[in-house]
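Spelled out from the first residue to the last, the chains are:
Number of protein chains: 2
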Amino acid sequence: MPLKTTNIVSAAQTKFGKLDGLTLREIFSEAVDKATVDAGVPKEDIQAAFIGTFIPEMLVHQGHTAPLLLDYAGLKGLPATRHEAACASGATALRAGIMAIESGIYDTVLVVGAEKMTSVSTNKATEALAAAADDTFESSIGLTFPGVFGIAAVSHMQKYGTTEEDMARVAVKAHKNASTNPLAQFQKEISLEKAMTPRYIAWPLKLFDCSPISDGAAAIVLTSAEKAKQYTDTPVRILGTGQASASMNLCGRKELTSFEASVAASKQAYDMAKLSPKDMDFAVVHDCFTIAEIIASEDIGFFKPGEGAKAVRDGVTALDGDKPINPMGGLKAVGHPVGATGVKQAVVIYKELIGEAGANQVQNHDTAIMHNFGGTGATCVVNVMRRADA
Amino acid sequence: MPLKTTNIVSAAQTKFGKLDGLTLREIFSEAVDKATVDAGVPKEDIQAAFIGTFIPEMLVHQGHTAPLLLDYAGLKGLPATRHEAACASGATALRAGIMAIESGIYDTVLVVGAEKMTSVSTNKATEALAAAADDTFESSIGLTFPGVFGIAAVSHMQKYGTTEEDMARVAVKAHKNASTNPLAQFQKEISLEKAMTPRYIAWPLKLFDCSPISDGAAAIVLTSAEKAKQYTDTPVRILGTGQASASMNLCGRKELTSFEASVAASKQAYDMAKLSPKDMDFAVVHDCFTIAEIIASEDIGFFKPGEGAKAVRDGVTALDGDKPINPMGGLKAVGHPVGATGVKQAVVIYKELIGEAGANQVQNHDTAIMHNFGGTGATCVVNVMRRADA
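Heads up: the protein sequence lines correspond to chains A and B, in order. Here my numbering is used: the first residue of the first sequence is 48, the next is one more, and so on. Here my numbering is used: the first residue of the second sequence is 48, the next is one more, and so on.
Calculated from the structure, these hints are not laboratory results. Treat the hints with care, since some could be wrong.
One copy or any two copies: either way a pair holds, since identical chains are not told apart in the list.
To be verified - Straight-line alpha carbon distances no greater than 30 Å define the calculated DSSO-like cross-link-like pairs of lysine-lysine that follow:
1) K314 / K357
2) K90 / K314
3) K65 / K90
4) K206 / K301
5) K235 / K274
6) K81 / K223
7) K321 / K81
8) K351 / K301
9) K123 / K314
10) K51 / K321
11) K321 / K274
12) K65 / K314
13) K274 / K65
14) K123 / K301
15) K51 / K274
16) K370 / K325
17) K351 / K123
18) K370 / K321
19) K51 / K314
20) K314 / K241
21) K51 / K206
22) K123 / K206
23) K301 / K90
Hey, can you work out the whole structure from these sequences and the hints?
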């Protein structure tokens with residue numbers, strides 16, 4: 048049965064990138080202000096907050112972020128919890144917000160994702176990110192995330208014939224879409240030749256196959272169907288939600304060319320929404336690496352296993368294709384402030400569904416799917432959303 | 048309106064203490080097994096998990112704990128998120144579980160709290176714990192938690208005449224109760240003279256005013272009213288739940304002799320349950336320091352502001368008193384593996400309410416309140432629970 052009542056009534060993100068001089072609490076507050084007062088939702092109406100941050104303990108030496116950030120954002124006193132599931136932290140906060148609304152305990156809640164990553168060295172950030180993998184079996188022996196996704200890429204290449212050029216095309220598309228997104232970290236198109244520059248990070252993944260280290264925040268307001276029209280004429284319903292987990296370490300997986308948690312969470316979300324991949328007009332997926340977008344496009348059922356690369360080659364996933372994926376630019380080119388990402392994905396879907404995506408507007412925009420995962424797909428959250436008037 | 052449907056049908060904790068040779072995942076799994084298969088709840092019935100851990104990033108160099116721990120505990124695949132709110136992490140996971148059940152999205156879920164703290168030095172653990180305070184305004188200038196609660200103690204002493212001996216009596220009671228609790232870290236009574244040993248940690252708090260650094264885990268199974276009788280003849284209902292936040296740093300507080308988030312969360316939980324302090328047979332409160340128990344006993348409305356110390360002196364909060372507090376021994380003597388604490392508090396209430404607390408059984412056991420906070424009370428969660436047949 049589709050979710051009874053959860054609607055998104057406002058959504059906003061800060062600029063993503065290296066936000067010099069701005070602290071975590073400042074970035075967080077900017078997103079909150081944009082999604083509340085600036086969007087016509089008084090802060091007094093917010094009853095609870097659900098916050099996604101991945102690893103501020105290591106990045107900014109701060110735990111217990113929820114009350115701290117809320118206080119700074121002018122929301123002191125509210126019930127607020129920090130939700131963490133590595134790169135899926137934002138989407139797990141969103142799911143907690145959904146359950147809060149569906150439970151009837153709250154009418155109107157705020158979901159925020161935020162991360163400040165650039166105040167430490169790249170090495171330190173890489174170490175922090177590695178905490179999303181199994182420390183005993185992976186991180187401690189030197190396997191960090193470019194390596195892990197390099198393994199997935201090699202598997203996909205071997206099993207399906209996917210090429211380095213196919214992956215590079217994902218990067219070209221991401222940069223093209225982000226070039227017209229003023230909040231993106233990289234607002235610059237790149238050529239296929241440039242994307243193929245052989246600066247390997249972890250073979251076969253090259254520099255342009257990897258999402259960057261970023262600062263940023265995103266926020267959305269959820270409310271019940273009853274209250275939604277108070278805030279906007281164009282609410283977006285969340286119809287279905289799914290979440291699944293898998294073994295943290297790759298050695299516990301049956302295969303590496305598909306992430307079982309993505310497949311399971313997608314099925315849950317589609318089943319709950321009583322919809323299928325063919326009903327989706329577009330998708331926002333977790334493209335931490337280009338290969339991750341190709342695999343995700345198959346795992347969410349847009350394409351058969353092994354056919355994701357062909358879809359990119361044929362332009363099917365382009366902004367003007369039949370099944371646009373990451374129409375604003377994705378993690379790859381917009382940036383990946385880890386805790387913010389899952390919430391930012393919902394922001395993108397909201398903007399696209401209500402027709403306010405500007406130069407990045409997809410043509411058909413009734414229904415869409417978001418897919419956010421953590422680690423090497425050890426946690427996956429999928430939501431199916433539809434414009435309330437669609 | 049009281050919560051519609053959430054019941055606790057099983058609850059268990061591991062031994063708390065310095066659990067040498069046991070890793071976080073092993074401790075976690077032990078608690079899960081005790082609360083599921085050992086308690087007649089098949090693991091196959093669990094649909095989702097809500098996990099509280101405070102700071103495994105710094106204590107065991109591991110983030111993204113939810114899928115990792117679930118996999119090890121034989122629950123791979125389930126949706127699972129880690130919830131963090133410093134020392135209230137466990138209770139925020141519990142609240143997420145409550146919302147999941149109340150939303151109707153899941154029928155049966157697992158809530159687990161766990162922490163492995165003793166594998167690092169005491170200095171490193173103290174640094175990790177300090178991440179629960181505001182790094183900019185408190186931790187970075189050297190104010191760690193014994194200092195923060197020392198300030199609260201001084202304030203209470205100055206305003207109400209509370210004495211070091213009053214605080215020591217809280218420790219004596221805690222150790223007495225824990226002496227018959229086989230899962231406690233300290234199963235040994237102490238004399239008032241010993242509790243007054245002038246080994247100051249942060250004046251006026253002495254060694255025996257402080258809860259220890261501990262390893263441990265606790266788990267409970269929540270299910271809907273409809274399903275509860277499948278698992279036990281003695282389910283416990285959660286009638287009311289509240290959560291509030293306050294400024295992280297003390298300089299943002301109006302007063303230090305009461306924690307405003309505790310007062311607010313208690314009011315929410317009582318109001319939802321349509322009950323009041325006089326309806327509570329006993330309480331389990333967050334006694335990270337002895338002064339914290341005195342303040343909590345006032346904040347939850349058991350005693351008027353400033354009268355908590357007298358209640359301890361008069362034996363009102365003793366196991367056989369009129370308003371027993373922490374009947375199993377509290378954080379002070381049972382131990383405080385941070386993420387586990389909020390869930391362990393629910394375990395204590397469950398055991399007491401169903402009459403299975405052995406030598407620590409309180410006489411009247413229909414209805415009780417649990418109070419778990421994080422930081423210097425910057426997050427507080429309060430739940431009101433009642434035996435389903437009461």
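Practice task
Enumerate the violated hints, using their earlier numbering and listing them in ascending order.
Solution key: Structure breaks hints 5, 7, 12, 13, 20, 21.
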